[in-house]
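> Chain by chain, the residues:
Protein chains: 2
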Amino acid sequence: MHHEHHLRSSDTIRDIVIGMSDGLTVPFALAAGLSGAVNSSSIIITAGIAEIVAGSIAMGLGGFLAGKTEADHYASELKREYDEVARVPEQEKAEVKEVFAGFGLSTQLQNQVADEMAKDTDKWVDFMMRYELGLEKPEANRATQSALTIGFSYIIGGIIPLSPYFFIAESGTALYYSCAITLICLFVFGYFKSKVTGQAPVSDALKVVVIGALAAAAAFAVAKLINGK
Amino acid sequence: MHHEHHLRSSDTIRDIVIGMSDGLTVPFALAAGLSGAVNSSSIIITAGIAEIVAGSIAMGLGGFLAGKTEADHYASELKREYDEVARVPEQEKAEVKEVFAGFGLSTQLQNQVADEMAKDTDKWVDFMMRYELGLEKPEANRATQSALTIGFSYIIGGIIPLSPYFFIAESGTALYYSCAITLICLFVFGYFKSKVTGQAPVSDALKVVVIGALAAAAAFAVAKLINGK
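Top to bottom, those sequences are chains A and B. According to the numbering used here, the first sequence is numbered sequentially starting from 3. According to the numbering used here, the second sequence is numbered sequentially starting from 3.
Same shape as in the complex, but just chain A (with noise of 0.2 Å):
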């Protein structure tokens, strides 16, 4: 189903885009934050290293989690239907003719669809997990794609702006070159986001690029306000 096809390919690409934006911007707030504190990179990539570490675990096992807890909440709803529709098969019924009646179709017309849909158990409790409770059948291993796919993005993401750090041992010039290059990472990341999602691109991009730049300078501020610098 075309539907089907589009809500997983969106699914991956939301996966990337969490990942990802949130390891752009992270660790290069974070290093620009320390820069403003101390003039030593080697302390920076540490930090920077040990928050690409921290943050792609929590995220990814983070999405692993959400993605399993969605997977036992549909299975725990659906046997909760099918119990439902062979007890008080009456009350289930009632219950298709009521979000048929939402959109204004007559009772007689209410009662034909309910009896008819009742014949086949399986699409009558497919018909109430999607359309009374909103629940769509989580894709198999979900979870654990969704937790490589974040963990990974973030990495990837972590180490763009941590890289002039690695080369450059004064870390306030290092500073500078993080910041052209995530700028420009974060303005393409989020062009490619935006055409992907069906977007505005270039505004979209923008805005991405100012979520970077907002916390990189206060994370910046506060840190040199913390040192009295």
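Be aware that a few hints might be false.
Identical chains share a label here; the pair holds if one copy fits it or two copies do between them.
For lysine-lysine, the following DSSO-like pairs were computed, each having C-alpha atoms within a straight-line distance of at most 30 Å [to be verified]:
{"no.": "1", "residue 1": "95", "residue 2": "121"}
{"no.": "2", "residue 1": "197", "residue 2": "209"}
{"no.": "3", "residue 1": "70", "residue 2": "81"}
{"no.": "4", "residue 1": "99", "residue 2": "121"}
{"no.": "5", "residue 1": "139", "residue 2": "209"}
{"no.": "6", "residue 1": "81", "residue 2": "209"}
{"no.": "7", "residue 1": "139", "residue 2": "81"}
{"no.": "8", "residue 1": "81", "residue 2": "197"}
Calculated directly from the structure, the hints in this document are not laboratory data.
Since the structure of chain A is already known, use the hints to place chain B on it.
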């Protein structure tokens, strides 16, 4: 409607969960990682607060943009459906029939439903939005509320693991207290989160604790490795 209400409250809870679980985990793991590399709590406080500032802005504004994108997407699809219903009504009726064919209704009944639904354009379009495209109307001000909830939850979550470093100058000692406090908070947080979302509280709480511990241990190990200690 009950269904709508359920969705809304779980959106806010999801935002709190997103913000607080990352807030508890990432600054905790970053501080733990840096404790493996530097002895002074002051640099860890600077890095930790820079991370909280950066993370809360990135996540909060990220949540805001996600909400905005969802609302824009809904508005543009809604416009397109109204256009199509006016321009190619027969094709749109065929799509309604297709939905019901999927649930095993007879052709005759499919026709009746499509004809009756077509009498009220608003309800027809609403049906197409929800059941063909799977789109729910986003709540007004959802984006702003989501941004504030996620950002604030991240700050609250992040201050907890950082607090021992404010009182204990030697970072190795502060780390013990940070681990104890944070793992307890992760358990309590995981427990209530699972209660609310209807999952098994204890096993789910343990999963949340394991993610935090894993992220912190990995960050600690990597930071030690980089510094060759």
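> All the hints need checking, so say for each whether the structure fits it.
Hints, verified against the model:
For a Cα distance limit of 30 Å, the shortest separation of residue 95 from residue 121 qualifies both inside one copy, at 11 Å, and across copies, at 24 Å. Taking the closest pair of Cα atoms, residue 197 and residue 209 come within 30 Å of each other only inside a single copy of the chain (14 Å); across copies the shortest separation is 37 Å, beyond that limit. Proximity of residue 70 to residue 81 under the C-alpha cut-off of 30 Å is restricted to the intra-copy arrangement: shortest distance 17 Å within a copy versus 35 Å between copies. For the homomeric pair residue 99 and residue 121, the shortest alpha-carbon distances inside one copy (15 Å) and between copies (18 Å) are both at most 30 Å.
Taking identical chains as interchangeable, the C-alpha atoms of residue 139 and residue 209 lie at most 30 Å apart only when they sit on different chains, with a minimum of 24 Å there against 33 Å within one chain. With identical chains, the CA atoms of residue 81 and residue 209 are at most 30 Å apart between copies only, with a shortest distance of 24 Å across copies and 44 Å within one. Within a single copy, residue 139 and residue 81 get their C-alpha atoms as close as 13 Å, and across copies as close as 28 Å, so both meet the 30 Å cut-off. Taking the shortest alpha-carbon separations for residue 81 and residue 197, only the inter-copy value of 20 Å comes in at or below 30 Å, while the best intra-copy value is 40 Å.
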